[in-house]
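Novice: Residues per chain, in single letters:
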Amino acid sequence: MIDWGSLAKGLLLLADWQIPLVVAAGMLFGLIVGVIPGMTSALGLAIVLPLTFKMDPFPALMLLTSVYTGALTGGGILAILINTPGTPGAVATTFDGYPMARKGLHNEALGIQITASVIGGLIGYLVLLLFIQPMVWLALQFGPSEMLFLTILVLVIVGVLEGKYLSRALFAGLLGLMLATIGTSTATGEARGTFGIDALEDGLPLVLCIIGMFAIPELIQLVSRRSISEADLERAHDFGKLAAGVGTTFAAWRTWLRGSFLGVGIGLLPAAGATLASLLSYAMAKRRARPEQKFGEGEPEGVVAAESANNATEGGAMGILLALGIPGSASTAVILGGFMLHGLVPGARLLRDNGPFVYALVVGNIFQMLVLGFFTLLVAYYVARVVLVPSRALVPILIVVMTLGAFSFRNQVFDVYVLYAFGLLGWLMRRYQFPLVSLMIGLFLGRQLDEEFVRFRTLFVDNPAALLERPISIVFIVLILTTLALQVRRSLRARRASG
Amino acid sequence: MQRNTKLDEFLAPVAFVAGAIAWGYHHYHATLTDPKQGPDGVTLVGPLLLALALAGLWTLATAWRAWRKPAGDATETTSWQGVALMLSLPVLAVAITYGGFIVPLIVYATLLGPLLGLRSFFIMILLAVLTAVIVWGVFVHVFGVPVPLWPARSWS
Chain A
1 MIDWGSLAKG
11 LLLLADWQIP
21 LVVAAGMLFG
31 LIVGVIPGMT
41 SALGLAIVLP
51 LTFKMDPFPA
61 LMLLTSVYTG
71 ALTGGGILAI
81 LINTPGTPGA
91 VATTFDGYPM
101 ARKGLHNEAL
111 GIQITASVIG
121 GLIGYLVLLL
131 FIQPMVWLAL
141 QFGPSEMLFL
151 TILVLVIVGV
161 LEGKYLSRAL
171 FAGLLGLMLA
181 TIGTSTATGE
191 ARGTFGIDAL
201 EDGLPLVLCI
211 IGMFAIPELI
221 QLVSRRSISE
231 ADLERAHDFG
241 KLAAGVGTTF
251 AAWRTWLRGS
261 FLGVGIGLLP
271 AAGATLASLL
281 SYAMAKRRAR
291 PEQKFGEGEP
301 EGVVAAESAN
311 NATEGGAMGI
321 LLALGIPGSA
331 STAVILGGFM
341 LHGLVPGARL
351 LRDNGPFVYA
361 LVVGNIFQML
371 VLGFFTLLVA
381 YYVARVVLVP
391 SRALVPILIV
401 VMTLGAFSFR
411 NQVFDVYVLY
421 AFGLLGWLMR
431 RYQFPLVSLM
441 IGLFLGRQLD
451 EEFVRFRTLF
461 VDNPAALLER
471 PISIVFIVLI
481 LTTLALQVRR
491 SLRARRASG
Chain Y
500 MQRNTKLDEF
510 LAPVAFVAGA
520 IAWGYHHYHA
530 TLTDPKQGPD
540 GVTLVGPLLL
550 ALALAGLWTL
560 ATAWRAWRKP
570 AGDATETTSW
580 QGVALMLSLP
590 VLAVAITYGG
600 FIVPLIVYAT
610 LLGPLLGLRS
620 FFIMILLAVL
630 TAVIVWGVFV
640 HVFGVPVPLW
650 PARSWS
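Chains A and Y, in that order, give the protein sequences.
Each residue of the first sequence is one higher than the one before, starting from 1 at the first, in this note's numbering.
Each residue of the second sequence is one higher than the one before, starting from 500 at the first, in this note's numbering.
Treat the hints with caution; some may be incorrect.
[Unchecked claim] Reference excerpt, derived from the structure (chain Y facing chain A, CB under 7 Å, subset only):
no.	residue
1	Asp539
2	Gly540
3	Ala554
4	Gly581
5	Leu584
6	Thr596
7	Leu626
8	Ala631
9	Ile633
Source of the hints: derived by calculation from the structure; they are not laboratory data.
Ideal Cβ positions, reconstructed from N, Cα and C, are used throughout, including at glycine.
Could you put the whole structure together from the sequences, leaning on the hints where they help?
Specialist: What follows is the structure, encoded as structure tokens:
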């Protein structure tokens with residue numbers, strides 16, 4: 001299942017002095033981002049992305065993934081210390097983490113949280129490592145019809161999972177596809193929809209669209225807070241008790257094993273993400289609890305279940321990103337932007353032609369997880385103090401960095417306009433419940449779809465029976481129809497129930 | 500039946516959908532009538548426009564139903580600081596276009612904090628210095644980005 005030759009070559013990429021530095025820096029920044037309520041991993045990644053413009057591709061992507069990993073873990077620290085999840089994925093950690101802290105077991109709870117995060121992340125990436133070769137095979141089976149139906153399926157699934165309104169999710173996805181057709185047409189080789197602006201001939205700068213759409217609306221929300229938190233963070237720090245938490249986690253191996261595999265599976269689904277995984281894992285652990293276990297009152301296994309699933313989603317999400325180029329969440333969309341920024345397009349070609357790079361990335365992330373454990377055990381308390389910084393001082397600096405980053409993209413002031421315009425569009429869509437992830441997936445897949453659709457029309461419009469020879473397409477069509485039928489049934493039931 | 504009074508929860512999606520479809524139609528029509536493009540240029544744009552219009556109608560129907568419900572949707576509220584931040588972005592974009600990066604960004608970072616309610620003179624000075632360091636030190640010198648620091652550069 002593993003291409004050992006590519007793996008060996010990939011290991012050479014890891015033997016670069018820059019890697020430990022970028023991993024440490026990214027992880028520390030990610031932990032800080034994760035700790036701050038209102039700052040999501042996507043915002044953290046959006047801030048760091050411009051700083052990678054001048055970096056080599058591998059260190060740049062390692063930096064981005066370490067920020068992602070750090071943010072997923074950092075979210076749980078405040079969930080335990082002050083009952084405030086730093087990221088949405090850490091909500092389930094508050095259920096038992098904070099009651100443990102109230103009993104004076106905050107050191108043990110943090111030890112459990114960090115260890116379960118590391119284990120979950122490790123399992124996620126180990127599964128990914130084993131499945132790279134099958135993913136290459138699967139990705140190579142994709143032709144125009146598979147791409148078309150996969151795009152529709154992803155938009156439907158995102159609509160069902162992400163928002164309250166499937167209609168708004170589909171509308172946003174279609175708008176994203178339409179926006180992606182701005183620029184040079186693959187069929188005619190001529191520019192269209194550019195309003196005469198030369199900078200749009202290559203299409204909208206997707207990386208900046210994403211940074212604007214996800215980062216600016218979050219800053220608009222963040223700026224409303226006087227300081228991030230005024231809670232009391234003065235608690236005794238005890239490494240011995242942290243280590244006891246590590247031991248407790250290893251003893252609960254059934255819980256983290258179940259949580260981790262659940263997390264990997266949910267990570268594969270677009271828009272499902274860490275929040276759903278950790279809540280489901282917590283619910284499963286609670287259902288299987290022994291009579292003496294009191295979930296919700298400071299049960300250590302509750303923290304194990306939530307955190308292992310939370311971090312394991314990363315492996316699943318990276319898998320679907322690498323294999324099909326589909327970002328399942330805002331964070332993986334920014335990481336996808338990082339790939340594109342460095343001339344790498346995730347999908348079959350990346351896996352086939354850049355095997356060592358992909359293996360290096362996966363193994364690098366496994367290494368990252370191990371570093372994360374030791375690093376976070378050392379700095380967790382100090383990182384938590386970042387919440388005492390006034391957010392209104394933080395926001396202007398973040399805007400400055402993003403503005404300069406947008407300019408650095410192509411050395412054009414026009415790109416700063418794109419960043420701000422998509423920021424305001426993102427705010428509007430978020431406010432009125434049009435899922436941003438749908439628009440973003442449309443934007444990413446639209447360019448490729450434009451190319452594939454021409455071929456699809458040539459191959460299948462006059463001969464629809466040819467579709468029967470494409471089993472993957474048929475599976476996708478069945479999944480689309482089933483998902484839509486289930487959603488319609490759910491809506492009808494809800495309407496009947498509300499009278 | 501009590502009607503939701505938040506009119507913007509209905510009107511904003513209507514305006515958004517209408518604006519998007521109007522732009523979509525313009526994109527389709529301009530491409531189709533462009534002699535260099537013709538029907539080949541709208542192979543995907545045409546079906547997309549049709550799908551967008553249908554999804555738009557569905558969106559309007561659900562927005563109408565949601566608005567008529569007694570308890571409206573909980574839309575995310577934005578504070579006056581958030582609105583101020585939003586309004587400041589176009590101003591900053593124009594300032595950068597005509598004034599280069601260094602002065603507008605330092606002024607922006609220094610004034611935005613107090614505008615949003617920050618009252619520390621020390622933090623204002625810190626923000627100004629940090630901005631100068633980020634622009635001039637990090638981006639220009641470390642990353643080698645040709646940032647137009649001063650006015651009189653073309654914007655595109």
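Novice: Given threonine 596/Y as an interface hint, is its Cβ closer than 7 Å to any Cβ of chain A?
Specialist: At 6 Å from the nearest chain A Cβ, threonine 596/Y passes the 7 Å test, so the hint holds.
Novice: With 7 Å as the cut and Cβ atoms as the points, is glycine 540/Y at the interface with chain A?
Specialist: The hint holds - glycine 540/Y has a Cβ within 7 Å of chain A, the shortest such distance being about 5 Å.
Novice: Does the nearest C-beta of chain A fall within a distance shorter than 7 Å of the C-beta of alanine 631/Y?
Specialist: This interface hint is violated because 10 Å lies over the 7 Å limit.
Novice: When the nearest CB of chain A is found for isoleucine 633/Y, is that gap smaller than 7 Å?
Specialist: Hint on isoleucine 633/Y: holds, closest Cβ of chain A at ~6 Å, below 7 Å.
Novice: May I ask you to test the interface hint for alanine 554/Y with respect to chain A, counting a Cβ-Cβ separation under 7 Å as satisfied?
Specialist: holds (4 Å)
Novice: Would the hint on aspartate 539/Y be counted as holding, given a Cβ-Cβ threshold of 7 Å to chain A?
Specialist: holds (4 Å)
Novice: So, as I understand it, the hint says leucine 626/Y touches chain A; can you test that by seeing if any CB pair is closer than 7 Å?
Specialist: holds (6 Å)
Novice: Would you settle whether the hint for glycine 581/Y is holds or violated, based on the nearest Cβ-Cβ distance to chain A being less than 7 Å?
Specialist: holds (4 Å)
Novice: Does the nearest C-beta of chain A fall within a distance shorter than 7 Å of the C-beta of leucine 584/Y?
Specialist: Holds - the Cβ of leucine 584/Y comes within 7 Å of chain A, reaching about 5 Å at its closest.
Comparing the model with each earlier hint shows a violation of hint 8 alone; every other hint is respected.
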